[in-house]
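Chains as they are written, first to last, in the working numbering: chain A, 4 to 329; chain B, 6 to 332; chain C, 11 to 311.
No lab work stands behind these hints: they were computed from the structure. As the structure is a computational prediction, the values presented were derived from the model and not from experiment. Any given hint could turn out to be false.
Stated by the list, open to error - Interface residues of chain A toward chain B, partial, derived using beta-carbon atoms under 10 Å:
#, residue
1, Leu121
2, Ala154
3, Tyr155
4, Pro156
5, His157
6, Gly162
7, Pro263
8, Gly264
9, Asn266
10, Glu276
11, Val279
12, Arg294
13, Leu297
14, Val298
15, Pro307
16, Ile310
Ideal Cβ positions, reconstructed from N, Cα and C, are used throughout, including at glycine.
One letter stands for each residue in the lines below.
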Amino acid sequence: MDPILQIKDLQTHFFTKAGVLKAVDGVSLEIGAGEIVGLVGESGSGKSITGFSIMGLVDAPGRIVGGQILFKGQDLAKLSPAEMQAYRGNRIAMIFQDPMMTLNPVLRIETQMVETILSHDSSVSKIDAHARARDALGLVGISSPDERLRAYPHQFSGGMRQRVSIAIAMLNRPDLIIADEPTTALDVTIQGQVIHEMQRLCQETKTALLWITHDLAVVAGIAERICVMYAGRVVEQGPNANVIAAPMHPYTTGLLGSVPGQNRRGQPLQQIEGMVPSLMNLPTGCAFQNRCNLVSDICTSTNPDAISTKDGRLVRCHNIAAGDSA
Amino acid sequence: MTPLLTVSNLSRDFVKSLDMVAKVLNRLGQNYREEVVHAVDDVSFSVFKGEIVGVVGESGCGKSTLGRMVAGILPPTSGQVSFDVTQAKNTDIPDALRTQMIFQDPFSSLNPRKRVIDIITEAPIHHKLIAPSEKRAFAIEMLQRVGLDPDTLERYPHQFSGGQRQRVGIARALAVSPEFLVCDESIAALDVSIQAQIINLFVDLKDSYDLTYLFISHDIGVIEHISDRVIVMYLGRIVETAPIETFVKQPNHPYTQALLAGVPRLEVGKRQYEPISGEIPSPLSPPTGCHFHPRCKFATARCKAEKPALREIAPAHFSACHLNDEA
Amino acid sequence: MAGKTATSGVVPASGWQKFWSDFSESPTAVGALFVFLVVLFIAIFAPIVSPTNPYDLASVDIMNSRLEPGSQDFEGNVFWLGTDGAGRDMLSAIFYGLRVSLGVGALSGVVALIIGAAVGLSAAYFGGRFETLAMRIVDIQLSFPSILMALVILAVFGKGVEKTIIALVLVQWAYYARAARASALVEKNKEYVEAAQCLALGDRRIILHHIMPNCLAPLIVVGTLQTAHAISLEATLSFLGLGLPITEPSLGLLIGNGFEFMYSGDYWISIFPGVALLITIVSINLVGDQLRDIFNPRLQR
């Protein structure tokens, strides 16, 4: 099956007074139709910028300087803002960490939802649009949708607002949803509800989902494939089970070892020494070199290419030989 | 063994009192009431020396308010916090300094206008614990204790990363030789790999300096990793207290069970989430009786009417649930 | 022992360098700063810089009165901006006038800042009835037009340098109080203040060493803009004959004195001091605007 989204060697740089910040520096990944892919990384890894780049939401002083973003064959990076407008909210939708980035505080929910529908398809009548909005709210499990439609965002709790954002994202039945830390700001029990809704929705509507987060545990529970990013590059990507059970890249190993839980009580957590290098001043060679316990000479001179392994992964590390398995 | 810290019937209300207009309107027949939030509602527990007690709960549970009362920053509306001075190591420290707090936000917990050396040594000098001439040497020692390079003494907070700032905050607290530390979401704002460093640091410091912690967090994984005992709070009340093994393997209260079931786990393979229904109620108008009853699968009429008492259902295991009475 | 941590790789530029690089993003502000510094220099060094001392009765000759700009006296000295009704060189008079105007404006600004900041910081920190009372007084004061208040105060207390300064302080302190309180409220809720309370550092120390230094930025902005306001206010009062006495001639007084000559066409006696006042106030305002933009945390820099 053809992938619905293919990112090839994307580079998004920010040109600031202090220098060039290479937020995304050579990212390649694929998402199949109806697939849930987790994009994992810490702050500064470039994961959010990757999401914004796909949506064309990168503002000055940043811009996409290289690579392709092929959505069903069309290169989004080459589109003009007007052309991109036709895709955004229509074929590709985005959900943000803070639902108030989606919801306009002075508009009623129905106003905003109807507007979303009509702006992409002006032939729809207002009544039909209203009905679709109602259905969308029902889809995300919001009860008494008629009342809720007339309400303003401040009358909802955080979890409800996020569900409304998801409903808005689903309005035009997009092929792909990009979710940037959608549950990070929510309480544990509410997070469970929202993850459950999104899981169910994507299964029912066969919508592809790119779930961007720093929380490995969340993607471990719902993603089919996981991509791990570090300092603007994807260092490991592969099937969920393989990456979690037997990570190959030293960063992934370190990250998994850092997560506390009851199965590690009493032992010190694995620490990754040092800090993320400045994105304006990336070292030559592998970006992880100053924190890696497997570092060797070649790591400091050459940036590793993505190597395919036997179990369907791509890993950027000189310590992996092609055809290896964990 | 007597506890080091005892919290008895501690409560804290936040009241939004009526302004002039509302008072006048009330006289004219309207019925405006003061808005009261019972942020912490009759909480009692003890902490023994050398323990790490984890406090876990979601928004509105009152754990941060509780932490601030234990640290002495916020006065309680009723109840008290008592510290057993006889168990203190260091008798020349003023009592007010025995409990210190490590804060959540690395960006606002350090005074941006002060250098690190001043941040760390201000309190010891002010309370005459060290002489001004010892300032530099003392600061260097503190920085080394928390794993920071002593060359950074003269720097300002904005020149450090989030994790480093948290370390400075820890050094600041340790500088007054406290016995008890309240950690209020101290790692929540940090990246996962940095969290691991700070968690390890906390454990090392506890062993080296004989500290006792009250560790407040919403992150169940961290609580499970670090705590000896766990307190679970919901809407201002304690719903369950248990030793860590019991907490993980045999949670009693339905809320604790729901919490543990809903936490994302780093296990292999996808899982189907089965979340509990309903929103967390607003602290302004909590449900009657047991606060959890609207979301509880096992709720009965009694749960709606009567507030459950926190009772010991097994050694050191307390739970506030009417269902235990039936057993 | 916790593992080694690398310290920050890049040490950023010092505070002043960063400040200058932000400030110089606006060429207008840099230009205005330059102009203001020239004005300040002239004001401070007026006796040295000015061609004559217009208040030295020995050197002033009534024969030179009301000469046009560019004319010369019988010794060949050029009166670049003309002379006034008594024969004083306008350029020199303006230089001395700047001194008085800036001096009174700055002094009243500083005193108002100290009083206003003290009230505002205390109100924010202690809260309760004190805060309510203090802020109501501030609100009431701010609802009166400043000119009106100053006129009333001077009418009651009479003219004079000290009384003018007192009037200006009374009119201005409320702006500082409001700015100080607003920013102190923000700082008070930050965790470093809670940390200081946890460390039992005492209220006085916390207000003076922790909260106040972090409130300085908005106060400086208010101070800059208010100083310009004070200068213009003083000029208005002097123009109306109520502010400073003849012996301390400010720009306002010069404008006022020269007004009567406007009708006979001797425009320079009033206009040039007016232009000098305008340049001073505008340059201070432009610098203040840029300072406000730099210190505004919402503008992502």
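Please list, smallest to largest, the hint numbers that this structure does not respect. 1, 2, 3, 4, 5, 13, 14, 15, 16
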